[in-house]
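Participant: For the record, in the sequence shown the residue sitting at position 291 is 291 according to this note's numbering, with numbers rising by one throughout.
You may find that some hints are simply not true.
Said to hold, decoys possible - Below, a list of computed lysine-lysine pairs in the DSSO-like style, where the Cα atoms sit at most 27 Å apart: (1) Lys154 to Lys117; (2) Lys249 to Lys117; (3) Lys319 to Lys249.
Please keep in mind that the hints were generated in silico from the structure rather than gathered at the bench. The structure presented is a predicted model; accordingly, all values stated were derived computationally and were not measured.
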Amino acid sequence: MRESGYFSKLRELLTSQRTRRKEALSKRQRTKRVSPFRMEQLEARVLLAGDLAGASLQSAVVQTQPQLVAASVTPTPTLFVSTLGSDRNDGRSALTPLRTISQAGLIARAGDVVSIKGGTYSEYATLQNSGTSTSRITFMAAPGERVIVDGANKAPNTNDPWNNPPVIRVRGNYVTVQGIEVANSAGDGVWISGQNVTLDGLNVHNAYMSGVLFFNTWDGVVQNSIIHDVYNWGDPSQPGGDSDGIGLKGTTGGRHTLRNNVIYNSSDDGIDTWQNVGNLIEGNVVHHSGINVGDGDGFKLGPGGNNTVRGNVAYDNRKNGFDSNSGTGNQIYNNTAYRNGGYNFVNYTVPNTLTNNLSASGTVAMNVAVHSYNSWNLGITNPVFSSTDPASSSFLRLGSGSPAIDAGTNKGLPYSGSAPDLGAYEAVGVAPAPPPPQPVIAGTINVAKAIRDSGNAYWVAQNFGVTGDSSQALTASTLRIFENGMELGPAHTLHATIRQLGGGRFSHWGNELYFSASDNTNPLTNGRTYTYRIYT
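Construct the entire structure; sequences and hints are all you get.
Facilitator: As structure tokens, then:
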């Protein structure tokens, strides 16, 4: 699929979905009445892998919230960046572009729109200047082009991971970063200390620390983004710790909005609000947090608290789906938790309010919480999902005859029928969305032929039918490998790093695969099955 610009793709997607909704409703597949306001919410989807800057195709379906509005126009650029440019240029026309995003970060002033041409920018960029509440500074991928900011040229300091630099550091206030891929950071993918910073339509992956970290700051936004494969294996006293998909950290801060994001394969938590307060967290899907190490919560909501958490999905996280973590005053409603390793919902010692939530294939732990109209209050043990296959567009959506339909109470969200449904997805009579793309090549890795390299690394000679990485193209391969069905990574890792750290890291070099087991055991004897997939 040829990648398109974020805004044009989003407009095309919403237009096609409106058409399908109208056709489906005309057939009257159900008798429930749907408000036009809710219709905009129910079937729009976060643009997933391939639509957002070449993300890995780990599928998840996301219910967007009413605040999502496609931009009607693309802002007019005032600064230009290109891999063919020069930082000696003024950057003020497409004919005289700058070479680096870092230089644009030094030059940009309030009201500037920085248009970044497609290509890979191997740099660690600081965006230090501020816009205003009425005149923001915007850094955006040029329409229809893929921009990758790649930090692979800097190895992480495993002895002091907290001081490793982020690929993008935002110090300025009223700054927007849009439609950019951030890869292979030695520290956090994006680190924000500025106020009123918005990240929109990003693909952040393979960071050594958190994917996105807000530190002692207020009023940030992360929306319509994919954040995945963030690992910290460097601290032996806390392996995997502090590598969250999105972290809201520091001793102060909050009022952030986290909306319509897909987050997976974080070694610590998917979303960790820590001491930040008053955040709005809605429409996010978080899965496979805590890969073998780290805390492994999908949503960690304290100790700051006073968060509004609604319309989210947590599944297959190593520990808990939704954890109050001593945070108080949280309003947690219309969320779905499925098959999490600890509790689906847990609230032990502090007062929070849980309403209209749906727990399936897992347990809950409630102590002093105010909880009503939840599946466990109503004795619903089988919600009758349309599908429990994460690859299905009907994953965790309520099927016909579900006891969770119309079983909730009004919390101010639009709904159809006599009462809101439980969980993140309101059941309506609309045509199902098409399934996500499938791998064009898949098979088994010939582990029996693997040879010990050194340290934690093994290698096997195998032709996977796709171009491997090389010294001329360090991230050319689209190979993904799996251990007992769990995706491994980070990919495109230096062989020396695989030997030293292992932990599922791998590299496809020519027709050879250098890889490590998730827990650094011997893949020849650990009894696990290793498979691969290749996507277009």
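Participant: Looking at the structure, which of the earlier hints fail to hold?
Facilitator: 2
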